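Same order as they appear, the protein sequences are chains A and B. First residue of the first sequence: 27, per the numbering used here; consecutive thereafter. First residue of the second sequence: 27, per the numbering used here; consecutive thereafter.
Keep in mind that a hint or two might mislead.
Just so you know, same-sequence chains aren't split out, so a pair can sit in one copy or run between any two.
Stated by the list, open to error - Below, a list of computed lysine-lysine pairs in the DSS-like style, where the Cα atoms sit at most 30 Å apart: (1) Lys511 / Lys406; (2) Lys290 / Lys511; (3) Lys505 / Lys290; (4) Lys413 / Lys511; (5) Lys505 / Lys301; (6) Lys290 / Lys406; (7) Lys301 / Lys413; (8) Lys413 / Lys290.
The set of hints was computed from the structure by calculation and includes no laboratory data. None of the values given here were measured: they were computed from a predicted structure.
Protein chains: 2
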Amino acid sequence: MRSHDQQTAQGFLFTDQYQLTMAQLYYHQGLHEQRVLFDHFFRSYPDYGGHQAGYCINAGMEWLLAWMQQTHIRDEDLAYLRSQTGRTGNRVFDEGFLDWLRRRATFDSITIRAIPEGRVVHPHVPLTVVQGSLAITQILETPLLNTLNFQTLIATKAARIHESAYGRPVLEFGTRRGSGTGTIAATRAALIGGADFSSNVGVSHILGMPPKGTHAHSMVQIFMAIGGSELDAFRAYADLYPDDCLLLVDTVNTLESGVPNAIKVFEELRRRGHKPMGIRLDSGDLAYLSIQSARLLNQAGFPDTAIVLSSDLDELVIWQIITQIREEAVRYGVEPDHLIKRLTFGVGTRLITSQGASSLGGVYKLVATHHQGVWAPAIKIAESAEKTPTPGHKQVWRIYDQRGNATADLLSLDDEDPRQMEAIMLRHPSDNTRFRVLSQQAITDIEPLLVDVMRDGTLVTESPSIHDMRQRRLADMEKLDTGVKRLTNPHIYHVSLTQQLWDFKQNLIANVTGRPIH
Amino acid sequence: MRSHDQQTAQGFLFTDQYQLTMAQLYYHQGLHEQRVLFDHFFRSYPDYGGHQAGYCINAGMEWLLAWMQQTHIRDEDLAYLRSQTGRTGNRVFDEGFLDWLRRRATFDSITIRAIPEGRVVHPHVPLTVVQGSLAITQILETPLLNTLNFQTLIATKAARIHESAYGRPVLEFGTRRGSGTGTIAATRAALIGGADFSSNVGVSHILGMPPKGTHAHSMVQIFMAIGGSELDAFRAYADLYPDDCLLLVDTVNTLESGVPNAIKVFEELRRRGHKPMGIRLDSGDLAYLSIQSARLLNQAGFPDTAIVLSSDLDELVIWQIITQIREEAVRYGVEPDHLIKRLTFGVGTRLITSQGASSLGGVYKLVATHHQGVWAPAIKIAESAEKTPTPGHKQVWRIYDQRGNATADLLSLDDEDPRQMEAIMLRHPSDNTRFRVLSQQAITDIEPLLVDVMRDGTLVTESPSIHDMRQRRLADMEKLDTGVKRLTNPHIYHVSLTQQLWDFKQNLIANVTGRPIH
Numbered sequence: 027m028r029s030h031d032q033q034t035a036q037g038f039l040f041t042d043q044y045q046l047t048m049a050q051l052y053y054h055q056g057l058h059e060q061r062v063l064f065d066h067f068f069r070s071y072p073d074y075g076g077h078q079a080g081y082c083i084n085a086g087m088e089w090l091l092a093w094m095q096q097t098h099i100r101d102e103d104l105a106y107l108r109s110q111t112g113r114t115g116n117r118v119f120d121e122g123f124l125d126w127l128r129r130r131a132t133f134d135s136i137t138i139r140a141i142p143e144g145r146v147v148h149p150h151v152p153l154t155v156v157q158g159s160l161a162i163t164q165i166l167e168t169p170l171l172n173t174l175n176f177q178t179l180i181a182t183k184a185a186r187i188h189e190s191a192y193g194r195p196v197l198e199f200g201t202r203r204g205s206g207t208g209t210i211a212a213t214r215a216a217l218i219g220g221a222d223f224s225s226n227v228g229v230s231h232i233l234g235m236p237p238k239g240t241h242a243h244s245m246v247q248i249f250m251a252i253g254g255s256e257l258d259a260f261r262a263y264a265d266l267y268p269d270d271c272l273l274l275v276d277t278v279n280t281l282e283s284g285v286p287n288a289i290k291v292f293e294e295l296r297r298r299g300h301k302p303m304g305i306r307l308d309s310g311d312l313a314y315l316s317i318q319s320a321r322l323l324n325q326a327g328f329p330d331t332a333i334v335l336s337s338d339l340d341e342l343v344i345w346q347i348i349t350q351i352r353e354e355a356v357r358y359g360v361e362p363d364h365l366i367k368r369l370t371f372g373v374g375t376r377l378i379t380s381q382g383a384s385s386l387g388g389v390y391k392l393v394a395t396h397h398q399g400v401w402a403p404a405i406k407i408a409e410s411a412e413k414t415p416t417p418g419h420k421q422v423w424r425i426y427d428q429r430g431n432a433t434a435d436l437l438s439l440d441d442e443d444p445r446q447m448e449a450i451m452l453r454h455p456s457d458n459t460r461f462r463v464l465s466q467q468a469i470t471d472i473e474p475l476l477v478d479v480m481r482d483g484t485l486v487t488e489s490p491s492i493h494d495m496r497q498r499r500l501a502d503m504e505k506l507d508t509g510v511k512r513l514t515n516p517h518i519y520h521v522s523l524t525q526q527l528w529d530f531k532q533n534l535i536a537n538v539t540g541r542p543i544h
Numbered sequence: 027m028r029s030h031d032q033q034t035a036q037g038f039l040f041t042d043q044y045q046l047t048m049a050q051l052y053y054h055q056g057l058h059e060q061r062v063l064f065d066h067f068f069r070s071y072p073d074y075g076g077h078q079a080g081y082c083i084n085a086g087m088e089w090l091l092a093w094m095q096q097t098h099i100r101d102e103d104l105a106y107l108r109s110q111t112g113r114t115g116n117r118v119f120d121e122g123f124l125d126w127l128r129r130r131a132t133f134d135s136i137t138i139r140a141i142p143e144g145r146v147v148h149p150h151v152p153l154t155v156v157q158g159s160l161a162i163t164q165i166l167e168t169p170l171l172n173t174l175n176f177q178t179l180i181a182t183k184a185a186r187i188h189e190s191a192y193g194r195p196v197l198e199f200g201t202r203r204g205s206g207t208g209t210i211a212a213t214r215a216a217l218i219g220g221a222d223f224s225s226n227v228g229v230s231h232i233l234g235m236p237p238k239g240t241h242a243h244s245m246v247q248i249f250m251a252i253g254g255s256e257l258d259a260f261r262a263y264a265d266l267y268p269d270d271c272l273l274l275v276d277t278v279n280t281l282e283s284g285v286p287n288a289i290k291v292f293e294e295l296r297r298r299g300h301k302p303m304g305i306r307l308d309s310g311d312l313a314y315l316s317i318q319s320a321r322l323l324n325q326a327g328f329p330d331t332a333i334v335l336s337s338d339l340d341e342l343v344i345w346q347i348i349t350q351i352r353e354e355a356v357r358y359g360v361e362p363d364h365l366i367k368r369l370t371f372g373v374g375t376r377l378i379t380s381q382g383a384s385s386l387g388g389v390y391k392l393v394a395t396h397h398q399g400v401w402a403p404a405i406k407i408a409e410s411a412e413k414t415p416t417p418g419h420k421q422v423w424r425i426y427d428q429r430g431n432a433t434a435d436l437l438s439l440d441d442e443d444p445r446q447m448e449a450i451m452l453r454h455p456s457d458n459t460r461f462r463v464l465s466q467q468a469i470t471d472i473e474p475l476l477v478d479v480m481r482d483g484t485l486v487t488e489s490p491s492i493h494d495m496r497q498r499r500l501a502d503m504e505k506l507d508t509g510v511k512r513l514t515n516p517h518i519y520h521v522s523l524t525q526q527l528w529d530f531k532q533n534l535i536a537n538v539t540g541r542p543i544h
């Protein structure tokens with residue numbers, strides 16, 4: 027894409043046409059500056075097909091805010107809108123509306139509360155609450171969902187992969203299979219969610235993380251093509267990077283050629299006073315090959331060199347590899363825990379595309395409009411009770427049990443404070459028969475999750491660093507039940523409404539549908 | 027992402043770290059300006075889980091070329107590389123290499139042949155052949171694969187959706203579920219591959235296609251929240267867009283409220299001399315609801331208004347909807363073909379993420395190096411014969427049978443011309459037992475597929491317009507057997523080697539492995 031087109035496509039017009047036609051309608055109805063509240067939330071965890079997440083990792087807000095702060099409508103954008111015509115050749119957008127856009131199409135009216143990036147989040151919980159004028163909040167829907175849905179999706183996949191990897195490093199190197207420039211956001215999200223490093227140089231640079239990488243098969247091939255050998259290629263690499271020498275050993279034959287040649291080079295490095303870094307296996311039966319490689323490396327006196335595994339890894343494949351190592355390593359005289367502790371996982375395609383669940387169905391729903399100083403709820407009755415969003419101006423609370431574990435996320439009306447309640451009624455968001463009561467004695471902490479991030483277009487707080495987001499994710503994961511973190515068939519984490527919010531929602535549904543509360 | 031970071035992340039450093047460490051190694055070995063050939067190809071069609079493509083639609087090249095032409099290494103990029111240190115604190119990149127990068131890190135040495143965008147393509151066929159200096163071709167691998175893999179993936183999904191839609195319009199509106207800014211490329215690819223319009227304003231603008239859109243549920247909700255009704259919302263919309271009035275009818279209740287209200291508004295429009303555009307159904311049983319809506323619209327004298335369907339559509343869902351309409355419409359007094367001819371399909375998430383197959387495994391393999399005026403083949407022996415790339419400097423031919431249908435893609439050595447052969451031996455790329463012979467009498471045309479697009483960094487031809495790419499796709503699809511186009515269990519299209527290329531490959535394998543030719 028040419029740079030000029032890129033600016034256009036990534037600017038104010040990075041939205042859906044209907045947001046603009048609706049904005050114009052609101053302008054003509056005098057509703058465009060009506061203050062409204064939109065909730066952003068998702069309805070279900072990513073389902074990878076045969077395994078489903080039991081939590082998500084929130085991500086994307088910092089980049090959305092940066093986009094909002096640097097984006098404004100340009101004369102060129104207005105000229106384009108002016109040129110649009112409908113079926114009969116009439117202009118779609120009139121001068122009155124375009125003039126309003128020219129003057130007011132900024133995000134200066136927008137106030138945002140959000141759950142911070144890196145935090146564990148769950149379905150039906152407002153992750154982002156946007157307050158602003160109707161026309162602008164509507165135009166914001168598309169870029170907001172685009173940015174937050176995708177980064178949360180990828181951060182979640184990364185967290186699962188991290189969980190499967192037994193604390194061993196996870197390297198992200200999926201740029202080549204990523205989604206165009208979207209892979210930049212995906213890499214950021216992967217680093218928030220669980221990857222420890224990325225191979226992508228530019229993204230690593232802007233995030234202040236060191237990029238990682240070794241060499242490709244093509245390097246060995248080149249040496250062979252000019253009459254040399256795999257060993258020559260390894261030696262050249264070791265000469266140039268004696269202290270960072272990580273060799274890809276499967277270009278010719280892993281156990282017959284690659285590992286023996288790597289050991290030769292490692293011995294030469296050792297004699298010159300360098301500590302070899304390790305090997306990478308990129309094909310074949312990775313569990314078997316890592317056991318055999320470890321055996322050969324151990325025998326040669328390199329018990330600590332890393333073994334990097336790659337080739338279509340994801341959380342299930344890593345789980346399977348570790349299981350197989352635990353079962354089979356001993357048979358070959360290799361101590362399983364020792365081997366696992368030297369592993370590093372290079373994860374590409376399946377992380378950067380969240381393979382199996384390539385989208386997160388986050389939505390952005392009108393929940394309230396502001397009238398005479400108070401928020402009046404707005405509701406859309408969906409085809410099922412579960413899909414009907416919880417209306418109104420709300421807060422979200424995380425409740426920790428006596429073990430200090432998160433036991434539920436609780437949605438309340440904005441003026442409720444569950445910390446002041448004697449006992450807390452936790453109602454299922456849509457099923458009348460499901461509730462539980464928690465006494466304050468059973469609770470160690472109640473934490474509000476939505477925090478102010480933007481007020482009238484101005485950032486309220488500096489965004490935390492990627493490092494801080496990673497720490498927050500680790501802290502939240504620590505407080506999540508093992509059952510919820512399970513890779514397959516996780517326990518369902520409770521998301522609940524307060525009694526007051528439940529009644530509020532049911533009354534509203536009854537008013538709209540004319541049907542009695544069930 | 028801040029604009030400055032965006033420039034960094036989308037610039038020269040949009041590559042993997044190992045490309046740069048290898049480039050430095052080549053620099054120190056004096057190999058960096060060695061001329062080489064890389065083939066870009068994919069090994070298998072996208073498999074969506076339960077259904078697999080029988081063809082792909084090539085896309086992405088124009089944007090890769092634009093990126094190459096506008097990207098150069100900046101002082102800031104060099105400063106970043108200068109700052110990188112390895113495990114022991116030593117610099118990763120030395121001044122000699124950085125100085126070479128500063129002087130020579132452009133794509134001026136690159137020559138590219140490629141199969142044009144919009145064309146039907148198949149596995150194991152070189153879609154792109156890159157010739158250039160070793161260091162730069164290696165650095166180019168990551169951005170090339172990122173750009174071409176993703177757009178080809180999405181164009182392919184779009185083509186399948188187009189095929190399922192019986193020639194009815196397909197609207198792309200997946201930006202909210204797309205992959206960050208990658209959704210811009212995805213939208214372009216969707217338009218090349220089969221979508222007729224997109225809702226994304228900016229992308230439509232830069233591609234010269236009109237964006238499409240109507241209104242959202244939130245518009246109806248707003249009217250209800252301020253004391254109005256669905257009918258009020260529809261009237262306001264019709265007043266503003268009398269000639270483009272397409273109403274979303276499922277906010278309250280499709281058949282009890284939405285469609286009757288739409289009909290009222292359409293009657294008002296008709297009295298004022300306007301032709302109503304139609305309705306959109308976004309939830310529920312779309313086949314049933316479209317039949318019932320058609321019945322109501324027909325009864326009210328609106329037999330031609332469009333019925334736009336949306337809600338998690340993809341090629342299988344569309345196929346199912348059309349099948350159900352064919353079976354059930356008559357029962358309700360609706361003529362199936364008449365109903366199908368008024369449908370439009372709005373496709374979001376499942377198109378823009380290629381749901382089910384979220385990546386295309388395109389690879390970039392060294393196939394030849396240039397020595398003393400001739401191309402010497404390079405080979406990597408893979409774990410299976412099928413994964414071993416076909417080496418050497420090659421051409422690709424498409425062979426058309428007596429019906430004018432494409433019957434095989436044929437890889438030959440660059441100096442072969444199958445048009446001059448009496449009979450053509452078509453060898454399976456890796457299976458010795460599978461071949462067929464075509465006489466020239468059985469052939470109506472043999473067409474070379476790779477065309478020159480860039481020579482020494484300069485564009486050889488203007489890129490065709492999106493419109494031309496769409497036409498090319500339609501023409502290629504026309505010449506594809508129905509069995510190959512089938513949505514499930516397609517026939518396998520033949521990709522073959524000439525006898526000479528087959529022998530060349532087998533000899534090379536035997537030389538490297540020491541194993542006899544099978």
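Within, between, both or neither: how does the pair Lys301, Lys413 come out at a Cα-Cα threshold of 30 Å?
neither (58 Å within a copy, 35 Å between copies)
Homomeric proximity label, Lys413 with Lys511: Cα distance no greater than 30 Å
Within one copy only: 25 Å inside a chain, 37 Å across chains, cut-off 30 Å.
Given a CA cutoff of 30 Å, do Lys413 and Lys290 count as a within-copy pair, a between-copy pair, both, or neither?
between (62 Å within a copy, 29 Å between copies)
At most 30 Å between CA atoms: does that hold for Lys290 and Lys406 within a copy, between copies, both, or neither?
between (69 Å within a copy, 22 Å between copies)
Up to 30 Å between alpha-carbons, please classify Lys505 paired with Lys290: within, between, both or neither.
neither (47 Å within a copy, 56 Å between copies)
Within a copy, between copies, both or neither: which one fits Lys505 and Lys301 at a CA-CA cutoff of 30 Å?
neither (38 Å within a copy, 60 Å between copies)
Treating 30 Å as the Cα threshold, decide for Lys290 and Lys511: within, between, both or neither.
neither (43 Å within a copy, 53 Å between copies)
What label fits Lys511 with Lys406 when the C-alpha limit is 30 Å: within, between, both, or neither?
neither (33 Å within a copy, 41 Å between copies)
In this structure, the earlier hints numbered 1, 2, 3, 5, 7 are contradicted, and the remaining ones agree with it.
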